[in-house]
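On the provided structure of chain A, position chains B, C and D as indicated by the hints.
Here is what each chain is made of, one letter per residue.
Number of protein chains: 4
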Amino acid sequence: MRKTIIGVMGPGELATETDIKNAYKLGKLIAKEDWILLTGGRNAGVMNAASQGVKEIGGITIGILPSNSDKNVSDAVDIAIITDLGNARNNINVLSSDVIVACGIGLGTISEIALGLKNNKPVILLSEDRESQQLFKRLSSDLTFIAVDIKQTIQLIKDILKTVK
Amino acid sequence: MRKTIIGVMGPGELATETDIKNAYKLGKLIAKEDWILLTGGRNAGVMNAASQGVKEIGGITIGILPSNSDKNVSDAVDIAIITDLGNARNNINVLSSDVIVACGIGLGTISEIALGLKNNKPVILLSEDRESQQLFKRLSSDLTFIAVDIKQTIQLIKDILKTVK
Amino acid sequence: MRKTIIGVMGPGELATETDIKNAYKLGKLIAKEDWILLTGGRNAGVMNAASQGVKEIGGITIGILPSNSDKNVSDAVDIAIITDLGNARNNINVLSSDVIVACGIGLGTISEIALGLKNNKPVILLSEDRESQQLFKRLSSDLTFIAVDIKQTIQLIKDILKTVK
Amino acid sequence: MRKTIIGVMGPGELATETDIKNAYKLGKLIAKEDWILLTGGRNAGVMNAASQGVKEIGGITIGILPSNSDKNVSDAVDIAIITDLGNARNNINVLSSDVIVACGIGLGTISEIALGLKNNKPVILLSEDRESQQLFKRLSSDLTFIAVDIKQTIQLIKDILKTVK
Numbered sequence: 005m006r007k008t009i010i011g012v013m014g015p016g017e018l019a020t021e022t023d024i025k026n027a028y029k030l031g032k033l034i035a036k037e038d039w040i041l042l043t044g045g046r047n048a049g050v051m052n053a054a055s056q057g058v059k060e061i062g063g064i065t066i067g068i069l070p071s072n073s074d075k076n077v078s079d080a081v082d083i084a085i086i087t088d089l090g091n092a093r094n095n096i097n098v099l100s101s102d103v104i105v106a107c108g109i110g111l112g113t114i115s116e117i118a119l120g121l122k123n124n125k126p127v128i129l130l131s132e133d134r135e136s137q138q139l140f141k142r143l144s145s146d147l148t149f150i151a152v153d154i155k156q157t158i159q160l161i162k163d164i165l166k167t168v169k
Numbered sequence: 005m006r007k008t009i010i011g012v013m014g015p016g017e018l019a020t021e022t023d024i025k026n027a028y029k030l031g032k033l034i035a036k037e038d039w040i041l042l043t044g045g046r047n048a049g050v051m052n053a054a055s056q057g058v059k060e061i062g063g064i065t066i067g068i069l070p071s072n073s074d075k076n077v078s079d080a081v082d083i084a085i086i087t088d089l090g091n092a093r094n095n096i097n098v099l100s101s102d103v104i105v106a107c108g109i110g111l112g113t114i115s116e117i118a119l120g121l122k123n124n125k126p127v128i129l130l131s132e133d134r135e136s137q138q139l140f141k142r143l144s145s146d147l148t149f150i151a152v153d154i155k156q157t158i159q160l161i162k163d164i165l166k167t168v169k
Numbered sequence: 005m006r007k008t009i010i011g012v013m014g015p016g017e018l019a020t021e022t023d024i025k026n027a028y029k030l031g032k033l034i035a036k037e038d039w040i041l042l043t044g045g046r047n048a049g050v051m052n053a054a055s056q057g058v059k060e061i062g063g064i065t066i067g068i069l070p071s072n073s074d075k076n077v078s079d080a081v082d083i084a085i086i087t088d089l090g091n092a093r094n095n096i097n098v099l100s101s102d103v104i105v106a107c108g109i110g111l112g113t114i115s116e117i118a119l120g121l122k123n124n125k126p127v128i129l130l131s132e133d134r135e136s137q138q139l140f141k142r143l144s145s146d147l148t149f150i151a152v153d154i155k156q157t158i159q160l161i162k163d164i165l166k167t168v169k
Numbered sequence: 005m006r007k008t009i010i011g012v013m014g015p016g017e018l019a020t021e022t023d024i025k026n027a028y029k030l031g032k033l034i035a036k037e038d039w040i041l042l043t044g045g046r047n048a049g050v051m052n053a054a055s056q057g058v059k060e061i062g063g064i065t066i067g068i069l070p071s072n073s074d075k076n077v078s079d080a081v082d083i084a085i086i087t088d089l090g091n092a093r094n095n096i097n098v099l100s101s102d103v104i105v106a107c108g109i110g111l112g113t114i115s116e117i118a119l120g121l122k123n124n125k126p127v128i129l130l131s132e133d134r135e136s137q138q139l140f141k142r143l144s145s146d147l148t149f150i151a152v153d154i155k156q157t158i159q160l161i162k163d164i165l166k167t168v169k
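Chains as they are written, first to last, in this note's numbering: chain A, 5 to 169; chain B, 5 to 169; chain C, 5 to 169; chain D, 5 to 169.
The hints are simulated quantities; they were obtained by calculation from the structure and are not laboratory data. Certain hints may be false.
No distinction is drawn between identical chains; accordingly, a pair holds when it is met within one copy or between any pair of copies.
[Claimed, not checked] List time: in silico SDA-like cross-link candidates among lysine to any residue, alpha-carbon distance up to 25 Å: (1) LYS7 - LYS36; (2) LYS36 - GLU135; (3) LYS7 - GLN159; (4) LYS32 - ASN47; (5) LYS59 - THR8; (6) LYS36 - LYS59; (7) LYS141 - VAL77; (8) LYS7 - ASP74; (9) LYS166 - ASN76; (10) LYS25 - LYS166; (11) LYS141 - SER71.
What you are looking at is a predicted structure, and each value in this text was computed from that prediction instead of being measured.
Bound-form chain A, shown alone:
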């Protein structure tokens, strides 16, 4: 039976300390809800921190890697999907997630938010970045959600899943 997949997207090497902390805690709470975590899979930033959080609780992690091998995979990824698609894999990240959480902001993350909304996926923005919040809220008001903290993020995911599933 199809498992519920929560995608956590966010900066890699350029992630802030807050992004990393949020991602880690988010991973733990996602695992506690028995949802599966999907990230970009690399051993960096938000992808890695969220996956580490999940494994702390013993949950399951999927990593959708841009490369043609598992060389740079996070060691907290259970299931590595090797795409060799570069950044084109971002579209797979969002299509495969029931709900997308953008934890922090960066160029790759913005592409994922935009592709998610374009594919009619609900996207939760977990950051204090006002410009991106306003931009996406304006372009897709029904599917863009803004969360001030982890707790609200989890509550939003639950609310969204009730309507999506």
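Frame of chain A; chains B, C and D shown alone:
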């Protein structure tokens, strides 16, 4: 010998009248410079208008289509690249362009701006959308250029090509 | 920690009864070894039968879908990766598998065998098709393995995993 | 107006002398017919030789590159489409071609023949490889054509274009 390719990205069905007019004129000027136009190829909005402008002058147009056939291709596209990649083809659009012009703003266009900048491609924003201008200028100040009109866009392309090529 | 993934590829709608039976039994044995099954994910032929076999034992199944939604996913798939890549997703199928089993022969399966070998992945041919056996054995003798039945297939996977991992 | 595109696929580094000679001559004849040539774009084997043949006559060449830059592009490619898709770009090669010619045999070429036929594209096999001829003729008899030389290849393309277009 490698031809210079200018990518013109922009909304499809949701393009404004200004976007369409700009795209058409931009196509004409691109053809006059003997550059090749690359778009998303569909028979809609900015993609179609820019291609029509090029053909008015007799230039060459490439369309990178998201679908698995040429059913929705603009009739102003000379060379149809059929990708069957959906929105993942946006990454090909930007990688294949020497300079990218975002003519208007929409979710697909935002994904292309973000992917372009992430791939270290110069991107010219031709729109009056302040939020996206500020967001991308902040995230990638060296590669984000802002143009107030078609004339400045063409001048920016010329300046950029001198340094890129 | 990275889980071992066994990819089972084979015809969809055109699968023979033997292909289906083999795929189902193979799925059961894969689950018994605690390996994760990866298939093309659709509700047809070898993909579906192998996934059903795994679920009979309570194992984990991944489906890499060609479409942009989960409309045609097998109900025996736990983790649906939605690629919207059409047949280009075949390359992901083989890159993400530690060992590939081609269960039966068809055009899609041939593309997967060829892409697997080109990406230096070990491929086991489980079919009586002499032409494809000879062709791939000639083009990639070290990575092409031929199995006469399910039991030998599992033994070959074990032997290969010892050298690959 | 849509231009007719002929895809010439074949081995890169492993191309035989015969493959290279055939590809070069084929390129010249394709250009004489005013068709556009599409190849995998790299500076190797059949891709490069066919493109060189076209440029000898002054025709137009498209190269669909697997990499994320134009570093390994053949200098006979006019229009470089940079995909960053690795071997997944093979599906684009075949989808974008009105007729596909497999000039020689290798693993990548086999994946392209199989993907071409699966996508209902006509494929001409220009090689003396009996196994692949029999295999593909059996799996897709209506769309698989066998040519003994360049002249017959061109004649087959003409015949096929009459029915396809």
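Checked hints:
In the homo-oligomer, the alpha carbons of LYS7 and LYS36 lie at most 25 Å apart both inside one protomer (14 Å) and across protomers (21 Å), since each shortest distance falls under that limit. Taking the shortest alpha-carbon separations for LYS36 and GLU135, neither the intra-copy value of 32 Å nor the inter-copy value of 37 Å comes in at or below 25 Å. In this assembly of identical chains, the alpha carbons of LYS7 and GLN159 lie at most 25 Å apart only when taken from the same copy (19 Å versus 31 Å across copies). Within a single copy, LYS32 and ASN47 get their C-alpha atoms as close as 18 Å, which meets the 25 Å cut-off; across copies the closest is 33 Å, which misses it.
Both within a single protomer and between protomers do LYS59 and THR8 lie at most 25 Å apart by alpha-carbon distance, with minima of 17 Å and 17 Å respectively. Both within a single protomer and between protomers do LYS36 and LYS59 lie at most 25 Å apart by alpha-carbon distance, with minima of 11 Å and 24 Å respectively. Proximity of LYS141 and VAL77 under a CA criterion of 25 Å is satisfied in neither setting, with 33 Å inside one chain copy and 31 Å between copies. For a Cα distance limit of 25 Å, the shortest separation of LYS7 from ASP74 qualifies both inside one copy, at 24 Å, and across copies, at 12 Å.
Taking identical chains as interchangeable, the C-alpha atoms of LYS166 and ASN76 lie at most 25 Å apart only when they sit on different chains, with a minimum of 22 Å there against 35 Å within one chain. Taking the shortest Cα distances, LYS25 and LYS166 never come within 25 Å of each other, neither inside one copy (27 Å) nor across copies (38 Å). Taking the shortest Cα distances, LYS141 and SER71 never come within 25 Å of each other, neither inside one copy (32 Å) nor across copies (28 Å).
Hint compliance for this structure: hints 2, 7, 10, 11 are not met, and every other hint is.
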